[in-house]
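Protein chains in written order, with the working numbering: chain A, -7 to 473; chain B, -7 to 473.
Simulated from the structure, these hints should not be mistaken for lab results. No experiment lies behind these values; they were computed from the predicted model shown. Don't take each hint at face value.
[Unchecked claim] Some chain B residues close to chain A (C-beta under 8 Å, calculated; not the full set):
{"#": "1", "residue": "K66"}
{"#": "2", "residue": "D70"}
{"#": "3", "residue": "H200"}
{"#": "4", "residue": "P229"}
{"#": "5", "residue": "T433"}
[Claimed, not checked] Pairwise CB distance ranges, derived in the manner of DEER restraints:
{"#": "6", "chain 1": "A", "residue 1": "D220", "chain 2": "B", "residue 2": "G97", "range": "29 to 39 Å"}
{"#": "7", "chain 1": "B", "residue 1": "A396", "chain 2": "A", "residue 2": "E63", "range": "24 to 34 Å"}
{"#": "8", "chain 1": "A", "residue 1": "K341", "chain 2": "B", "residue 2": "D220", "range": "54 to 64 Å"}
{"#": "9", "chain 1": "A", "residue 1": "N214", "chain 2": "B", "residue 2": "S105", "range": "38 to 48 Å"}
{"#": "10", "chain 1": "B", "residue 1": "S105", "chain 2": "A", "residue 2": "I86", "range": "54 to 64 Å"}
[What the hints assert, rightly or not] Derived list of chain B stretches under chain A, where covered just means 3 residues or more per stretch with a C-beta under 8 Å from a C-beta of chain A:
{"#": "11", "segment": "55 to 64"}
{"#": "12", "segment": "131 to 137"}
Note that the Cβ used here is the ideal one computed from N, Cα and C, for glycine as well.
2 protein chains.
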Amino acid sequence: MPNIKNLKRIAISSLLASVLSVSTYAESPVISQSQIETAENLMQAALESKLGFEIVESLTTEIGPRLAGSEAEKRARDWGFKLGKELGFDKVSIEEFTMPFWDRGELHIALQSPYQQELYGTALGGAAPSKSLIKAPVVYFRDIEALKEVASGDLKNKIAFIDGDIMVKSQTGAGYGQASQRRRVGWQHAERGGAKALIVRSAGSSSHRFPHTGMMSKDADNADKWSDIPVIAISIPDADHLRRLHNLGKPLSVSLHSASKWKGEVSSGNVIMDLVGSEKPEEIVLIGGHLDSWDLGTGAVDDGAGVAITTAAAALIAKLPKRPKRTIRVVMFGAEEVGLLGARAYAKKHETNLKNHVLATESDFGAQTIWQLVSDVNAEANPLIDEIAHVIRPLDIVRGSSQAPGGGPDIIPLAMAGVPTIRLKQNGRDYFDLHHTPDDTLDKIDPKELAQNVAAYAAAIYLAADSDVEFRKPVEDKAAK
Amino acid sequence: MPNIKNLKRIAISSLLASVLSVSTYAESPVISQSQIETAENLMQAALESKLGFEIVESLTTEIGPRLAGSEAEKRARDWGFKLGKELGFDKVSIEEFTMPFWDRGELHIALQSPYQQELYGTALGGAAPSKSLIKAPVVYFRDIEALKEVASGDLKNKIAFIDGDIMVKSQTGAGYGQASQRRRVGWQHAERGGAKALIVRSAGSSSHRFPHTGMMSKDADNADKWSDIPVIAISIPDADHLRRLHNLGKPLSVSLHSASKWKGEVSSGNVIMDLVGSEKPEEIVLIGGHLDSWDLGTGAVDDGAGVAITTAAAALIAKLPKRPKRTIRVVMFGAEEVGLLGARAYAKKHETNLKNHVLATESDFGAQTIWQLVSDVNAEANPLIDEIAHVIRPLDIVRGSSQAPGGGPDIIPLAMAGVPTIRLKQNGRDYFDLHHTPDDTLDKIDPKELAQNVAAYAAAIYLAADSDVEFRKPVEDKAAK
């Protein structure tokens, strides 16, 4: 657990100062001078605090990897509950739900022809086990589009390999959707072809010899259907190796044995931590990250960082002499990686109260600095979002689109139910070098970059929660329930 | 195999040009203007050629990892023999020798207390197997010096873990000797303490989740004694993780099962490829790299690059209209990683002829650019080495010490027998991020940096081989046999 003894109380600007000052924001009555100064104090405190880093250090060290539905994820919930109490949240609870458990198990995969060589691979989420050792010739597909052309039965007694290109790196991570297509839907085409197993070039941008895991997508035409065959991602250098051998005209064969499988229903849960609003306690500003991680690394950037950033931001706000007007709720979502299961469970459990969720956002894009604030709220509230952007501008954050729905993966079910969202967008250029790989470990986080995130969240969430501005869209808007 | 069809013949400066030109090197009669121009043509050809990269691509792709004594190393020798013939060497041969074979086998290692977590580890070269699954409490040692203090029997029924600091990165790789101490001699102290196994923080500078393999050292007092216990290196992020848990006061326990073991005598060998000298064929300028690699990666930077650089340099010289005066010999040494076994076998087999080895050097420090030329030759020959440095100066290479014994790992037995050496020192700053890890793969080599190496070797070796200058020290020098 982080040492919170040294966390100082944060000064709130005196009412007098706010009344007497000639505000530089006099033209924007949506935020008072007093609120601005409090937000600035929060930012300063966040930049000087180590709390965010201490939280992610504690989570990754004391709990370790936290596969959805595992015993470790349960320990993480208990850790989160205890942390919330220690940090002074007014209400802390755990909301459990059930889910099907997929276990990675052990994998052996090796090139057998033209010679024997171990490959660095991992099973993809949802994949079936091999019943016994599979050894078969490899049929090479340059990309997922090529595999889609395969006729039924063409891959009988074969292993399909989907190659592809290394993902394009960008600040927004825009290349990932394309790169992860082969991971998501490749199995459906390999099965149609009759393949005994599928191997895919890892999604992600890492040039290191790590496979990149992640869930496959269910069959679009049969929502209960997962793969009946093993599906294995191999590292990018290994995929390059197979490509070069293929291009030399060498017949390839591979052996593999994978124990990955579904293991029935287990418990997961969300940790809910509230700072109860001083004037409108029923109105909820929801922030959070997800507590589960893939099991290959220790889930530092995905998403220990998000849990730490949002928890630390709220903990700093908790040190103010007075609670903001609205309730600030931090949710540590369970089971995000396997299909937003915690987010769906939350939306269902709170279904009748979603109308009181006035704003929601999640941090789930690593630990590098935030560079942009985007939003999707009532048009009347845009001046407030603009003012929030103005206040956090010294953190090198620009105002982006006011028509950017989303708010983070776990916010999707809320956003679909009409909850307004913002997003503090992080620089994701290096995120896909780490996320879903064994390399997602604490040492990859820069404490200063993390602190910039905490500062932005603390200021933005404080200002949103201490406001009377209505973020919710008018009820005639069909998106709102 | 590389495509050598497009390798052009290299122009040699006409005798006329050399006679008529007002040489800018008129003050240095040790190299003629004609030789300088030939060396410059060789450098230009090397920078324009892809041969070096094609050779390392061929070796790593068509052969793969090449553990000393393995079937793969045998395939590599056959590959080298065929390559030497294709590239136009005058004599190509394989000299076999026998050696004890150490096999890595499979390893499972996991943290068990305070919770279960897989660790990323690998057995160290020479380590014994676990007879069965070992599960034991971990005793933490901050560094190798702390373990040296342990009393006999103090580690009974325990697993020792040697932590340490990440190695200091430098152009010369100077931090590696210190960082690898725990790998080399740690087992001797762990055994004395009665430990069931030893875990060490990986040597090397990689921040990625790869263990770093390498040979242990034999017992200084008992040259036939290898470890009786499993010895496992874990990745630096894993070692950080254990350190943090230890610092939190958590009792640690680990389970491990390792199949690594010695498996008796096998064959290895050196590939010898000669460009026979046109005037003094009995005098040998020896260059080379080592053909074996550790088995975790594909041995691209260690030492596919060295094999490729020296072979490509000699192949360019082979395209000159006339052979240099002295013989240029490229040796692809076998079994370097496990104790310079190929180098020792070479020195023994050629013992009576070492007096005719007039100069030797090896490329075995990765694939980044060369920045310095150092030497250890007859003082009378220093002006020639200085002139060689002058010629290769446009490649951004400076002249270093003229009293730097060595010449590369596989040159040590020759240097100890009095063979003069030079070394074209590479920038090794990033070398220890890759070497001895699974990440030592082809994609880590920049073809342009590799070509700079080929250019430097081609020019320097041509000039040394086409010279009459005596590199050998006078016989009264005790170092010379």
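Restraint check, 8 Å cut-off on beta carbons, for T433 of chain B near chain A: Result: holds, 4 Å to nearest chain A Cβ.
Would you check whether P229 of chain B satisfies its interface hint, that is, whether its CB is within less than 8 Å of any CB in chain A? holds, 4 Å
Does the hinted range 38 to 48 Å hold for N214 of chain A and S105 of chain B at CB? Holds, at about 44 Å.
Please check whether K341 of chain A and D220 of chain B have a Cβ separation lying inside 54 to 64 Å. Check passed, 58 Å falls within 54 to 64 Å.
Distance restraint evaluation - S105 of chain B, I86 of chain A, Cβ atoms, bounds 54 to 64 Å: Given about 25 Å between the Cβ atoms, the range is violated.
Tell me if the interface restraint on K66 of chain B is satisfied: Cβ within less than 8 Å of some Cβ in chain A. violated, 11 Å
Three or more residues of the segment 55 to 64 of chain B near chain A by CB distance under 8 Å? holds (count 4)
Verify the interface restraint on D70 of chain B: the C-beta must sit less than 8 Å from at least one C-beta of chain A. This hint is violated: D70 of chain B lies away from chain A, its Cβ roughly 12 Å from the closest one there, beyond 8 Å.
Can you tell me if the segment 131 to 137 of chain B counts as covered by chain A, using C-beta to C-beta distances under 8 Å and a minimum of three residues? Violated: only 0 residues of the segment 131 to 137 of chain B have a Cβ under 8 Å from chain A.
Do the Cβ positions of D220 of chain A and G97 of chain B conform to the proposed distance bound of 29 to 39 Å? Roughly 33 Å apart at Cβ, these two residues keep to the hinted range, so it holds.
Pairwise beta carbon distance, A396 of chain B to E63 of chain A, judged against the given window 24 to 34 Å: Violated, at about 57 Å.
Holds or violated: H200 of chain B as interface residue toward chain A, Cβ cutoff 8 Å? holds, 5 Å
Of the numbered hints stated above, those contradicted by the structure are hints 1, 2, 7, 10 and 12, listed in ascending order.
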